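Line order of the protein sequences matches chains A and B. Numbering of the first sequence is given in the working numbering, commencing with residue 1 and proceeding in unit increments. Numbering of the second sequence is given in the working numbering, commencing with residue 1 and proceeding in unit increments.
These are calculated hints, taken from the structure and not from any lab test. All of these numbers come straight from a predicted model, not from anything done at the bench.
Taking CB as the label site, the calculated pair distances span:
(1) N23/A to A173/B: 51 to 61 Å
(2) D156/B to I35/A: 47 to 57 Å
(3) I46/A to S191/B: 45 to 55 Å
Quick reminder that beta carbons are idealized off the backbone N, C-alpha and C, glycines included.
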Amino acid sequence: MSNKTWKEIPIGGLIIEPGNSVNYKTGGWRVFKPIHDPTKCTNCLICWIYCPDSSIIVKNGKIEKFDYDHCKGCGICAKECPTKIKAITMVKEE
Amino acid sequence: MRVAMTGNEAVAYAMKQINPEVVAAYPITPQTGIMQKYAEYVANGQVDTEFLTMDSEHSAMSATIGASASGIRAMTATSSNGLAYMWEVVYIAASYRLPIVMPVVNRALSGPINIHCDHSDTMGCRDSGWIQLFSENTQEAYDNAIQALRIAEHPDVLLPAMITYDGFIISHALETLNTYEDDKVKKFIGSYNPKYPLINPDKPVTYGPLDFFDYYFEHKRQQAEGMINAKKVILEVGKAFEKEFGRSYGLFEEYRMADAELAIIVLGSTAGTAKVVVDMVREKGYKVGLIKIRSFRPFPEEELAEALKRIKVLAVMDRSLGFNGVGGPLFNDVRAALFGRNPDIKVVNYVYGLGGREITPNDIWNICNNIRDINLTGKIEKTVSYVGVRE
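With the hints as constraints, model all of the structure from the sequences given.
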């Protein structure tokens, strides 16, 4: 983030530029990291629907990767992955 | 036009002339009279306001904040515990820099429960980032409501403003006042054109995002600047008001201060009583003057010290208690203003009128006697006195 002075920023804590939340990297908050196993995954995309941070990147209908810059490690994807499949495991960050 | 109105009716009338797009209401004595009257204006089609009847004061302030952020004028009003219940969002209104104007009819805070006047309610949020203008009478309450809007909306300020007046003493008592023509008031307040309205699809903005150690401090610094600038703007708007409507307003009013050696500082309706007493003791040869603070926030520190530079003994009258083991809130601010500026002045505090306890000319006469004695003997027996409490 830039370090602007109080005279250079909009008042009231307003964000006046839309769609800039991507600039705020929330990946640093993570304690557990989701790991995807493509050999088990059926690409049902339930995790993609549930991910609150849009951090599951899908390409051509298939899960390609996690966006670790923004994934907060909440574990919802691993929880929602169907019981019989369990293609996502949460691993403690080193 | 010369009319007779209660304080609440006069403020409701000012609101009618302001004609805000949204008014959010929740009843509490002694404020209820404002919204009762305003609801009548709405029902009669005399205003264009969307009138929201809310489920609490917290909701009323929240709705006012939402409406104001959307880019329009929005108002609410309250008293006492209603203001206390708003407290969380009162701070948010100031932090978002929303120029909301809110009449607060001063009433003692619970408990024990009490509906009568003291200043403990607005003193409770004196550092919440709101401008606070006190009114001596119905005329001033009406005039302050009009001026507060222009002060709050000034681009160098952009802070919400409370206009306060004493519960029952002003809110419910019938007084004559001069009201001004609708088109003149409309012209005086102008239109509100916020830079970043929340509802503008062409220019979307976010209000209230997370703000951590990297920028929160900068936003608070900006807010402090708004309050510092408010002092200059209050004076400018006061001058413009005088030009248009013939009544002059500053940060405080000086009454018979030119040659005074002793002085009383006071807020609100008690100033009226105290002026009468000042005239009476003047006839006895006491050189007493009076300062009535209008702008309590921002606090006119330097200006006050300047106005008091020839004063030897000063009585600060507080209609609320600061439970800090020291004295009332006005006393603390006045003493801080004098520190390092007026080294020889003696300052004493008179706490009075809590929970609507009557303050009489006789009480104020006694205060004048006390400060005269302090001046003669050079001795302060009690720094803080409680006027009218049974010992």
